[in-house]
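**Student:** Now for the letters of each chain:
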Amino acid sequence: MGARMVDFGGWEMPVQYTGLVDEHHTVRKTVGLFDVSHMGEIEVRGPEAVRLVDYVTTNAASRLHIGQAQYSGLLYEHGGFVDDILVHKVTDQHYFLCVNASNQEKDFEHIRAANHFDAELDFASDRYAQIAVQGPLARRTLQKLTPADLSSIDYYWFRDGEVSGVPARIARTGYTGEDGFEIYVAPDESPRIWNDLLEAGREFGIKPCGLGARNTLRLEAKMALYGHEIHASITPFEADLGWMVKLDKGEFIGRAALAKQKEQGVRRKLVGFEMRGRGIGRDGYEVRCNGMAAGWVTSGSPAPSLNKNVGLCYLPAGEARPGRKIEVMVRNQAVEAEIVSTPFYKRAKTA
Amino acid sequence: MSYPEDLRYTKEHEWVRVAGDVGTIGITDHAQKELGDIVYVDLPKVGAHIEQGKSLGSVESVKAVSDIYSPVSGEVTEVNETLAQAPEKLNQDPHGAAWLIKLRLSAPNEAKGLLSAADYQAYVGAES
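As they're listed, the protein sequences go chains D and R.
Heads up: the first sequence begins at 298 in my numbering, then just goes up one per residue.
Heads up: the second sequence begins at 89 in my numbering, then just goes up one per residue.
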């Protein structure tokens, strides 16, 4: 496969195969395949596994059912992000965490240091490869390779079953704003499963997709990217991720800082914008309100599904309202933009 | 992709075609492939003075924005206006219809110090 590779946190990753925009549209219209084996996995087991997971994350792991997954935050005491993660409840005594590649050692160390419970931690990244099958025809593609009834797996649920005849964890999750699945398999099986998926999706026009399309797809759906929208100086409330914080669930790392921030209100907030003038607000560009520096762009790109140039930025909470005109400094030129409501793209609900 | 013999190339992936005292400047096929889908091209105005090795404008793809460094020095005599409306032409015909600007060369010998097609081919071959 003619992929253009880039070094991404030590992994050789494909940026694009057939072309970023082409891959983007393929995922929105039919089905695309992503090799996301770089993602990290951490397993937590034991009688107090849930207590440890609940203590180090913002969402309520204790409220998960077996076979259910949730998006959550790992925070420092001051309320800033260590990472954003997916928590899967495998059994009452087994939780499976999917974490960002570049953060996996840091995350593991962070959780280990907080493990004052009867829980066993296992750095499992070497045992899993991950393939994401995303798009409206993802289910029909994957269904050909598994006896599991995929229509019975709801969004943010998962099942341990088989894909291509080998054990796989099949989760109805994704990072594109489309329906789809993320499959966790043994690394030595993943090249074969990748090829089987390409074959299974051939009649639908399946295409392998790179990091470039993954970024435009997640941006349109306003999904956060660590290092951009979220990092150690940003809290979930600032990042518009308050829904992943369950202050009422009991003690957890960062809770006190978040409770205080909730009481006092956030000073800055993540909002979406559309460029009105000619230009693209890129990551790191300054944002101005009334001619004064007020914030910064966290991600920005043409949005191929919308034919607009969009982005996300932090602004003072008082300025963060849809309809407000702002300016983005694009290579020393102030270009007009407007705050809009998000997500930029929302897929039509299907049965 | 074979690189045309009548062009000279830079390691920053621009090309120049010299005819008399006129230099036509563009970006290479390798550059357009690296950038991917191009959405904006910013070019100087006619009459602007451009120096070899300095930025003459930028080209922006969905993925990133990149400066264009001039392979030669001179005064801009013509700008390819079609690229403002149809920047995707740069992905389709970077060595031909999607040239960027024409210069009246102020130092015609500069181009002789640039890479030949074979040298450039070897350079990008080694890079990728």
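No wet-lab data here; the hints were simulated from the structure.
The beta carbon of each residue, even a glycine, is placed where N, CA and C say it ideally should be.
Check the hints yourself; a few may be wrong.
As the list claims (entries may be wrong) - Some but not every residue of chain R turned toward chain D, in silico, with C-beta under 10 Å:
1) 125
2) 130
3) 132
4) 133
5) 134
6) 137
7) 150
8) 152
9) 153
10) 157
11) 161
12) 181
Claimed, not checked - Here are a few chain D residues that face chain R, going by a calculated C-beta distance under 10 Å:
13) 317
14) 319
15) 512
16) 513
17) 556
18) 558
19) 559
20) 561
21) 562
22) 576
23) 579
24) 585
25) 626
26) 627
27) 631
**Student:** Hint by hint, note whether the structure agrees.
**Tutor:** Consistency of the hints with the structure:
no., hint, result
1, 125, "holds, 4 Å"
2, 130, "holds, 9 Å"
3, 132, "violated, 14 Å"
4, 133, "violated, 15 Å"
5, 134, "violated, 20 Å"
6, 137, "violated, 20 Å"
7, 150, "holds, 5 Å"
8, 152, "holds, 8 Å"
9, 153, "holds, 7 Å"
10, 157, "violated, 15 Å"
11, 161, "violated, 23 Å"
12, 181, "violated, 16 Å"
13, 317, "holds, 5 Å"
14, 319, "holds, 8 Å"
15, 512, "holds, 8 Å"
16, 513, "holds, 6 Å"
17, 556, "violated, 40 Å"
18, 558, "violated, 35 Å"
19, 559, "violated, 37 Å"
20, 561, "violated, 38 Å"
21, 562, "violated, 36 Å"
22, 576, "holds, 7 Å"
23, 579, "holds, 7 Å"
24, 585, "violated, 19 Å"
25, 626, "violated, 13 Å"
26, 627, "holds, 9 Å"
27, 631, "violated, 15 Å"
Of the numbered hints listed earlier, those contradicted by the structure are 3, 4, 5, 6, 10, 11, 12, 17, 18, 19, 20, 21, 24, 25 and 27.
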